[in-house]
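Protein sequences, first through last, are from chains A and B.
With our numbering, letter number 408 in the first sequence gets 408, and the count goes up by one each step, no holes.
With our numbering, letter number 269 in the second sequence gets 269, and the count goes up by one each step, no holes.
The set of hints was computed from the structure by calculation and includes no laboratory data.
Among the hints, a few may not be true.
[Unchecked claim] Sample of chain A residues facing chain B (criterion: CB under 8 Å; computed from the structure):
| no. | residue |
| --- | --- |
| 1 | S120 |
| 2 | L123 |
| 3 | P124 |
| 4 | A125 |
| 5 | P297 |
| 6 | I308 |
| 7 | L311 |
| 8 | E315 |
| 9 | T482 |
| 10 | V485 |
[Said to hold, decoys possible] Label-pair ranges, simulated between beta-carbon atoms:
| no. | chain 1 | residue 1 | chain 2 | residue 2 | range |
| --- | --- | --- | --- | --- | --- |
| 11 | A | L472 | B | V24 | 19 to 25 Å |
| 12 | B | L25 | A | E430 | 31 to 37 Å |
| 13 | A | Y198 | B | I333 | 55 to 61 Å |
| 14 | B | I17 | A | A325 | 51 to 57 Å |
| 15 | B | M236 | A | A171 | 34 to 40 Å |
[Claimed, not checked] Below, simulated EDC-like cross-link-like pairs (lysine to aspartate or glutamate); rule was C-alpha separation at most 20 Å, straight line:
| no. | chain 1 | residue 1 | chain 2 | residue 2 |
| --- | --- | --- | --- | --- |
| 16 | A | K334 | A | D351 |
| 17 | A | K334 | B | D334 |
| 18 | B | K338 | A | D324 |
| 19 | B | K103 | B | D185 |
Positions of the beta carbon are idealized from the N, C-alpha and C atoms, including for glycine.
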Amino acid sequence: MKTQIKSSLRAGITFGIVTLFLYLIGFTITVSQIIQNLLKLEPDSLVLGVDALTFSFALFMGGLGFWAGARQVSVSRKGLGSALVAATLSGLVHGLIVALVAYITGTLNASGIKMNTYLSQLLPASVQLFIFNQTPAVGALSQLGFLTFMGFLGGAVSYGITVSNLFGRLAGAWRSLWGRVNDVPVIAKFRASPAFNYTVCGLILLLMILLPLRVGQYWNYTLGTVGIYVLLGLGLNIVVGLAGLLNLGYVAFFAIGAYTVALLTAPAPHGLVWNFWLVLPLGILAATLVGILLVVPVLRMRGDYLAIVTLGFGEIIRILSKSDALTFLTGGPKGVNNVGGPELFGWVFDDVGYLYLIFLSVLLAIFVTRRLQNSRIGRAWESMREDETVSRAMGINVLKHKVLAFAIGAAFAGLGGVLFAARNQFTGPEDHNLMVSINVLSAVIVGGMGSVPGVIAGAFVLKGLPEILRELENYRVLAFATLLVVMMLVRPAGILPASRGKFEIQGGGSTSEPGKEGSQK
Amino acid sequence: MATESKVHKKNISTYKIVQIVLGVLFGGYLAWRLYQILIANPVYGADTWLRFAIAGIILGSVYALVAIGYTLVYGILHMINFAHGDIMMIGAFGGYFVFEGLKNIPAPTSADPGLNFLNAHPVISVILAFVVGISIAALSGYFLERIAYRPLRNAPRLVPLISAIGASIFLENAAMLMFGAQRRDFTNPTVLTRGEGWDLPVGGGTVILTYTSVLTFVLSIIILVALYLLVQRTRMGRAMRAVAENKNVAALMGINVDGIISQTFILSGALAGAAGVMWGIHLGLVYYFLGFIPGIKAFTAAVLGGIGNLPGAMLGGLFLGAVEALGPAILGIDFQLKDVLAFGILILVLIFRPTGILGEVLSEEKV
Numbered sequence: 001m002k003t004q005i006k007s008s009l010r011a012g013i014t015f016g017i018v019t020l021f022l023y024l025i026g027f028t029i030t031v032s033q034i035i036q037n038l039l040k041l042e043p044d045s046l047v048l049g050v051d052a053l054t055f056s057f058a059l060f061m062g063g064l065g066f067w068a069g070a071r072q073v074s075v076s077r078k079g080l081g082s083a084l085v086a087a088t089l090s091g092l093v094h095g096l097i098v099a100l101v102a103y104i105t106g107t108l109n110a111s112g113i114k115m116n117t118y119l120s121q122l123l124p125a126s127v128q129l130f131i132f133n134q135t136p137a138v139g140a141l142s143q144l145g146f147l148t149f150m151g152f153l154g155g156a157v158s159y160g161i162t163v164s165n166l167f168g169r170l171a172g173a174w175r176s177l178w179g180r181v182n183d184v185p186v187i188a189k190f191r192a193s194p195a196f197n198y199t200v201c202g203l204i205l206l207l208m209i210l211l212p213l214r215v216g217q218y219w220n221y222t223l224g225t226v227g228i229y230v231l232l233g234l235g236l237n238i239v240v241g242l243a244g245l246l247n248l249g250y251v252a253f254f255a256i257g258a259y260t261v262a263l264l265t266a267p268a269p270h271g272l273v274w275n276f277w278l279v280l281p282l283g284i285l286a287a288t289l290v291g292i293l294l295v296v297p298v299l300r301m302r303g304d305y306l307a308i309v310t311l312g313f314g315e316i317i318r319i320l321s322k323s324d325a326l327t328f329l330t331g332g333p334k335g336v337n338n339v340g341g342p343e344l345f346g347w348v349f350d351d352v353g354y355l356y357l358i359f360l361s362v363l364l365a366i367f368v369t370r371r372l373q374n375s376r377i378g379r380a381w382e383s384m385r386e387d388e389t390v391s392r393a394m395g396i397n398v399l400k401h402k403v404l405a406f407a408i409g410a411a412f413a414g415l416g417g418v419l420f421a422a423r424n425q426f427t428g429p430e431d432h433n434l435m436v437s438i439n440v441l442s443a444v445i446v447g448g449m450g451s452v453p454g455v456i457a458g459a460f461v462l463k464g465l466p467e468i469l470r471e472l473e474n475y476r477v478l479a480f481a482t483l484l485v486v487m488m489l490v491r492p493a494g495i496l497p498a499s500r501g502k503f504e505i506q507g508g509g510s511t512s513e514p515g516k517e518g519s520q521k
Numbered sequence: 001m002a003t004e005s006k007v008h009k010k011n012i013s014t015y016k017i018v019q020i021v022l023g024v025l026f027g028g029y030l031a032w033r034l035y036q037i038l039i040a041n042p043v044y045g046a047d048t049w050l051r052f053a054i055a056g057i058i059l060g061s062v063y064a065l066v067a068i069g070y071t072l073v074y075g076i077l078h079m080i081n082f083a084h085g086d087i088m089m090i091g092a093f094g095g096y097f098v099f100e101g102l103k104n105i106p107a108p109t110s111a112d113p114g115l116n117f118l119n120a121h122p123v124i125s126v127i128l129a130f131v132v133g134i135s136i137a138a139l140s141g142y143f144l145e146r147i148a149y150r151p152l153r154n155a156p157r158l159v160p161l162i163s164a165i166g167a168s169i170f171l172e173n174a175a176m177l178m179f180g181a182q183r184r185d186f187t188n189p190t191v192l193t194r195g196e197g198w199d200l201p202v203g204g205g206t207v208i209l210t211y212t213s214v215l216t217f218v219l220s221i222i223i224l225v226a227l228y229l230l231v232q233r234t235r236m237g238r239a240m241r242a243v244a245e246n247k248n249v250a251a252l253m254g255i256n257v258d259g260i261i262s263q264t265f266i267l268s269g270a271l272a273g274a275a276g277v278m279w280g281i282h283l284g285l286v287y288y289f290l291g292f293i294p295g296i297k298a299f300t301a302a303v304l305g306g307i308g309n310l311p312g313a314m315l316g317g318l319f320l321g322a323v324e325a326l327g328p329a330i331l332g333i334d335f336q337l338k339d340v341l342a343f344g345i346l347i348l349v350l351i352f353r354p355t356g357i358l359g360e361v362l363s364e365e366k367v
């Protein structure tokens, strides 16, 4: 009983703090507006006696309170009574914390103090919404009552679901349905035959050809960005996912590709207007060479030193590219404009053309990754990642393979940079800040290290989803940072994990496993 | 087998030769530049050099505080606490809000009816700012470890590192969303006005030894000495060193390993918090991204001194501060590029002497 109360209190406090955090970063009002839009409520209309925004906000808070209560049931499975007590208690604590802050901020707001000079998201509208557009006292009390009730409700519903094993039954029904579909002889035969793979590939290819023609300029641009991130992700996937070298300065190679194409094809600052098709391989080559030059001296370092050195290197490239001292060479802080683009038989590439080019590059990258992954080199990388000492003992030339991984990763990034700069017709220092490296790393990790479909999924989640959820743009980076931590805590192998090599990242439970207390090296 | 070992040997020797050649080239260039700038055609007078040196030492003492946090954590967990710089940022915000709050409390006297608490009791205000900044940062350090690192204690190396990167970005963005993206002026008490201080006549000019720099330097020295005593002389420090040496054996000796790790994070967070408040008082701007660059540089300082080595981190911090302040002048490069210099030094140290100046103090299983 005591542990149960403790866990309820803890859950209540956690949910209270999370709610307050969401309030402080202005997420509560944003999400209320999104809910309002989703439900297609008119801003001025009344729903159940309150205005639409407040109603949406109540829905959101209710959801949180419900979750807080529902969570408690799995902890206490002793019976309906104790489950309800636990759920209500956590709801009560949650409500108390929220009500207290709602009261304080509401009162401060009512007395005309501008809190948003210090806490920039506590605008009057947001504060008013947090007390349901009532007076502070009434608002705080309604928060308390509402959250307690929702906790209770969550507990009750969740108890019902747990007892009736609803999810288990649904999953069972789904499995049996899926099994029956698979048991149909024609389908089973088709799925097993190579024709199935060809059909899927053909459909994807068809989609890739038709999509750019149909969706318009804006979506072409977005898809192109996603494509470039897939490309970068595939490159980093080789370095991090396959070879196990954490590279935080990946953007440096991207920048080198971008600057190569920019400086060699733009009229300013050098006046070299070379052909794009000539510059494309040069950009890749430059990035690769720099990758090799960087990695050779740092090869002997421990993994985490490598991360810091590459991070420093990425910053060096960015600072150099925007420094006044090198403006004559790089165009300085303003960047390079009018970067030249590709042209094929008189056809100057428009958004569709660029998208085709990006798709083509991605396909090439996927092909290269696949071939490498299943080759001798790929196996060497993976064994190196698992245990460097052992793979050295197995006769693998670790240094050579590390350089190779870095060089290939850099080449992909260089290609990405070339395409990015050419498509945007611009490149500048702020295109190449640390966030690019972090974004790509997140895509690789969220998707699943070492897995090609994972990287593609990760890039879509990371770059495509925010375009669909425009309102949440401000919270994008925060969400991915949270995702990075949460993924590491609950699913370190990613959403679409690689079939081989689950071992290294999940720990595997073996005693010889490399990371354990740094027993390696 | 024979060819394998031969290849191995050959690699090492080329590496050594490259090392020596690069070292000689770099050393020669440095000597030439020093000769140029000091004797052949001096650009700066003694006063300017002293000004650079003071700035470097102050910056260095702040780096030293942050670097110790890295070293403590690395010594025990063998992981880079990537979010350490951001904990410094949290500490700076803590101090900022204390000063802002106290500024709004009126404390009128008969001489000056418009006086506020901040200016009426500057000593109490500064102490309060440090206490609040340090406590918030220490708390963040504790929760950071509990939430983002402890569940990953036995995971492979890359996993906690990635989690730490996530935590770092999370803290930065949470601060940006909460406090806004603008840079805020850190209002000091009038006694501590930035840029004011004692005038020292040096070589034909005067060098101002500002009050804030003296405060920063003295405080950081006190904290560093206290920390050294804490780690070397107290029971808690001994337990920390034992855990750093070998977690399992320490546990067998009856040491609560989880507790010690928590304490380490609290300690390193407190140091970062103190550094953050000093940063605010001395340099005068707080913003969400404040901790990132000092964090990386402090890590550089920790590596410079030899990671896991407390005196090394202090020395490394001071050295890095000095390099950053004096380096651009000595090498004759743009002051905009001082960050490049710091990162360049990191890379050079890791190439030539990865164990740092004073050598690493890490348990054997690690090295």
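Okay, the hints, checked on the actual structure:
For S120 (chain A), the interface hint holds, since its Cβ comes within 8 Å of a Cβ in chain B; the closest pair sits about 3 Å apart. Look at L123 (chain A): its Cβ only gets to about 11 Å from chain B, farther than 8 Å, so that hint breaks. The restraint placing P124 (chain A) at the interface with chain B is violated, with a minimum CB-CB distance near 16 Å, outside the 8 Å limit. Below 8 Å, beta-carbon pairs count as interface contacts, and A125 (chain A) has none with chain B, the closest being about 16 Å; its hint is therefore violated.
The criterion of a C-beta within 8 Å of any C-beta in chain B is met by P297 (chain A), whose closest approach is roughly 4 Å, and the hint holds. Restraint check, I308 (chain A) versus chain B: the minimum CB separation of about 6 Å is within 8 Å; hint holds. Here the hint on L311 (chain A) is kept, as its CB sits about 7 Å from the closest CB of chain B, short of 8 Å. Against a cut-off of 8 Å between C-beta atoms, the interface hint on E315 (chain A) holds, since the closest Cβ of chain B lies about 6 Å away.
Given the 8 Å rule on beta carbons, the hint for T482 (chain A) holds: about 6 Å separates it from the nearest Cβ of chain B. Interface restraint check for V485 (chain A): the shortest CB-CB distance to chain B comes to about 4 Å, inside 8 Å, so the restraint holds. At roughly 56 Å, the beta carbons of L472 (chain A) and V24 (chain B) sit outside the given window of 19 to 25 Å. Taking the beta carbon of each, L25 (chain B) and E430 (chain A) are about 34 Å apart, inside 31 to 37 Å as hinted.
About 59 Å separates the C-beta atoms of Y198 (chain A) and I333 (chain B), a value consistent with the hinted range of 55 to 61 Å. Roughly 32 Å separates the CB atoms of I17 (chain B) and A325 (chain A), a value that falls outside the hinted 51 to 57 Å. In this structure the hint that M236 (chain B) and A171 (chain A) lie 34 to 40 Å apart at CB is violated, the actual value being about 50 Å. For the proposed pair K334 (chain A) and D351 (chain A), the alpha carbon gap of about 24 Å is over 20 Å, so the pair is violated.
Taken as a hint, the K334 (chain A) and D334 (chain B) pair is honoured in the structure, with Cα atoms around 18 Å apart against an allowance of 20 Å. Simply put, K338 (chain B) and D324 (chain A) have alpha-carbon atoms about 13 Å apart, close enough for the 20 Å limit, and the pair holds. Under the criterion of a C-alpha separation no larger than 20 Å, the hint pairing K103 (chain B) with D185 (chain B) is consistent with the structure, at around 13 Å.
Checked against the numbered hints above, the structure breaks hints 2, 3, 4, 11, 14, 15 and 16 and satisfies the rest.
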